[in-house]
Amino acid sequence: MLLTETLWIALQSISSNLFRAALTMLGIVIGVAAVITMVALGTGAQQAIDQQMEALGGDILSIGRSNRFRHGVARDQASLTTDDAAALARESRHLDGVVPEINSRFQVKYGNRNLSVSVLGTTPNYVDVHGFTIEAGRMFNLADDASRRRVVVVGNEIPGMLDTDAASIIGRTLQIRAISFEVIGVMEAKGSSGWRNPDDDVWIPLRTAQFRVTGNDLVESISVKVREGIAIETAMVDIERILRREHGILPGKDNDFSIFNRKQFLDSRQEAAEVFTYLLAGIAGVSLLVGGIGIMNIMLVTVTERTREIGIRKALGATKGNILLQFLVESMVLCLIGGGLGLALGAGAAYFAAEFAGWQTVVTKASVITAFAFSAGIGLFFGIWPARRAANLDPIDALRHE
Amino acid sequence: MSAVAFSNAEQDAVIRFEDIGRAYQMGVETIHALQGLTLTITRNEYVAIMGASGSGKSTLMNIIGCLDSPTHGQYWLNSQLVSRMNDRELARARNQEIGFVFQTFNLLSRMTALSNVEVPLIYAGLKRRERQRRAKHALDVVGLADRMSHRPSEMSGGQRQRVAIARALVTNPSILLADEPTGNLDSRTGNEIMTLFDNLHDRGNTLILVTHEQHVAEHAARTIRLSDGKIVSDERPGAGR
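If you're matching them up, the sequences are chains A and B in order.
Position in the first sequence counted from 1, then plus 749, gives you the working numbering.
Position in the second sequence counted from 1, then plus 1, gives you the working numbering.
Possibly wrong hints are sitting among the right ones.
Label pairs and their calculated CB-CB ranges [claimed, not checked]: (1) A:H1150 to B:E219: 40 to 50 angstroms; (2) B:H151 to A:K1114: 42 to 52 angstroms; (3) A:I1118 to B:G205: 56 to 66 angstroms; (4) A:G1070 to B:D199: 56 to 66 angstroms; (5) A:S764 to B:I32: 41 to 51 angstroms; (6) A:L760 to B:E131: 16 to 26 angstroms; (7) A:R1137 to B:D199: 38 to 48 angstroms; (8) A:H1150 to B:H151: 18 to 28 angstroms.
Keep in mind the hints are simulated off the structure, nothing from the lab.
Because the structure is a prediction, the values reported are computed rather than measured.
Even for Gly, the Cβ is constructed at its ideal location relative to N, Cα and C.
Please put together the full structure from these sequences, using the hints given.
Structure, rendered in structure tokens:
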């Protein structure tokens, strides 16, 4: 009914002591800004991990060589071979793709340009398993691999690094370790996975790599894609069984290989990020609480200062409810203005953190709404006691107050 | 129920006190600020309530003004039983039936004269346009049509009291209740204010003045004297003023 009048009175009262109101609001401003910034940082971190997860593919397992240590010295450098990969592809019913990989860093020469890049020797199904797409040209095929052809597919950023573009690099010659390779394809951009950026890698057929570079049939790692509907753990047991047999490991002896579940790793990072977010938000929440206590303090002072006004208003017909509403609205207006300023400050801080520190930050609609609801809630919660005190003042005492 | 019938019998009674008492508990002691007050004030009466300090006249004024409730007896205001009202109903009675004028004016210092006069109408739930129309009219009645946008600090004591009277009049209350209305004014301004009260009485308002000054009380047609919480005299000198 008289909400607009009440709002008016609240604004008048706040503006009549602007400096004090500003100081009071500062607590809320800082609190809300802290919550917004912290949640933006936490959400950003989680989103970064989500993106990495998506880039990796959640159902990929990596099998690597494991160094077996004894007395601190690596022994028996265990080995994975193309035969192991073949055995996995042949025998496991739980795998959709098996991709053996060799990875070395080499000098790559194109015209007069030199680059040091990761050269991956692998099989044609690498693109499917790791979720790559070809932007121009083609991926090498089984025939290229079988005949150890010197062909290369380059990452999306390579043409740019060589001052050319995807269309015109196709068919040209790249020197890898002084050996000429024909560029037959360019990958579409994939984005960083968190460990490394696949967009500045180059790929050559596995047999070409083994024949031209390493001179043996060892592979560094084998990536496998777990068939849909199969639990990662089931696939891991299956892989272990096949490889132990392939490697002739006696029961009771340790594996000479390791299976790395990247999803699990990311899951734990995700969990850590979440805990971190809650922790930061919690600390920020405490400052918001302190701000709220500041509001209550100043509202109590205001009620005391305006005791006579309350008495006059009651004598003129204000009910307890009218007075209660007036002081509640005043504290809520204080908190909401503070919340609005804090929101702007927090969003600004998040923006600057993203712009200048390079941290990924996300100010979500939910955190904005939460911050506003929270500051209104604080206004309500910390305003109710002073407001009740005002409402319950005896009009006769209040009128006598000076 | 006989009491209700009685109140209906006297249709003209604005205020009807029936054996009103007000006691305060001070520790183990009970102090009787008012005791056994029975009186009737009818429409368009002009009453002065007099008494020394401590005689109970402030308590009486507070009870008449619905700021306080009696601990004994029954009080009808316009045939409504005030002594049974809850907080909300009392607030409404203060808003609709009573117009307060205080010794210290009690204006809201941050507001203009017009806004001050509007305050009771806000609590009456009136719309802004209607509030302003009525507030302007009330200020006109007290002769302050040209001071509407002034704040209390920009006005003289007499002007402030006129604003306060306009604020008391604006809801068309049953009673104008003035507590030492000239107490903070010099005698010339005080006389002007009393002239204004006389005019308001002539226009049909019911006035109750609480005062300890004989010359103020002389404006009234009826003088009730209190001592130790009891009525010691209730006089109507002459046939009205």
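Verification of the hints:
In this structure the hint that A:H1150 and B:E219 lie 40 to 50 angstroms apart at CB is violated, the actual value being about 33 angstroms. The given range of 42 to 52 angstroms is respected by B:H151 and A:K1114, whose C-beta atoms sit roughly 48 angstroms from each other. Hint check: A:I1118 to B:G205, Cβ distance near 58 angstroms, so the stated range 56 to 66 angstroms holds. Checked against the given bound of 56 to 66 angstroms, the beta carbons of A:G1070 and B:D199, roughly 38 angstroms apart, lie outside it.
Between A:S764 and B:I32 the C-beta distance comes to about 45 angstroms, which sits within the given range of 41 to 51 angstroms. For A:L760 and B:E131, the Cβ-Cβ distance of about 23 angstroms falls inside the hinted range of 16 to 26 angstroms, so the restraint holds. Between A:R1137 and B:D199 the CB atoms are about 44 angstroms apart, so this pair conforms to the stated range of 38 to 48 angstroms. The hint said 18 to 28 angstroms for the Cβ distance between A:H1150 and B:H151, and at roughly 25 angstroms that hint holds.
Of the numbered hints given earlier, the model fails hints 1 and 4; all others are met.
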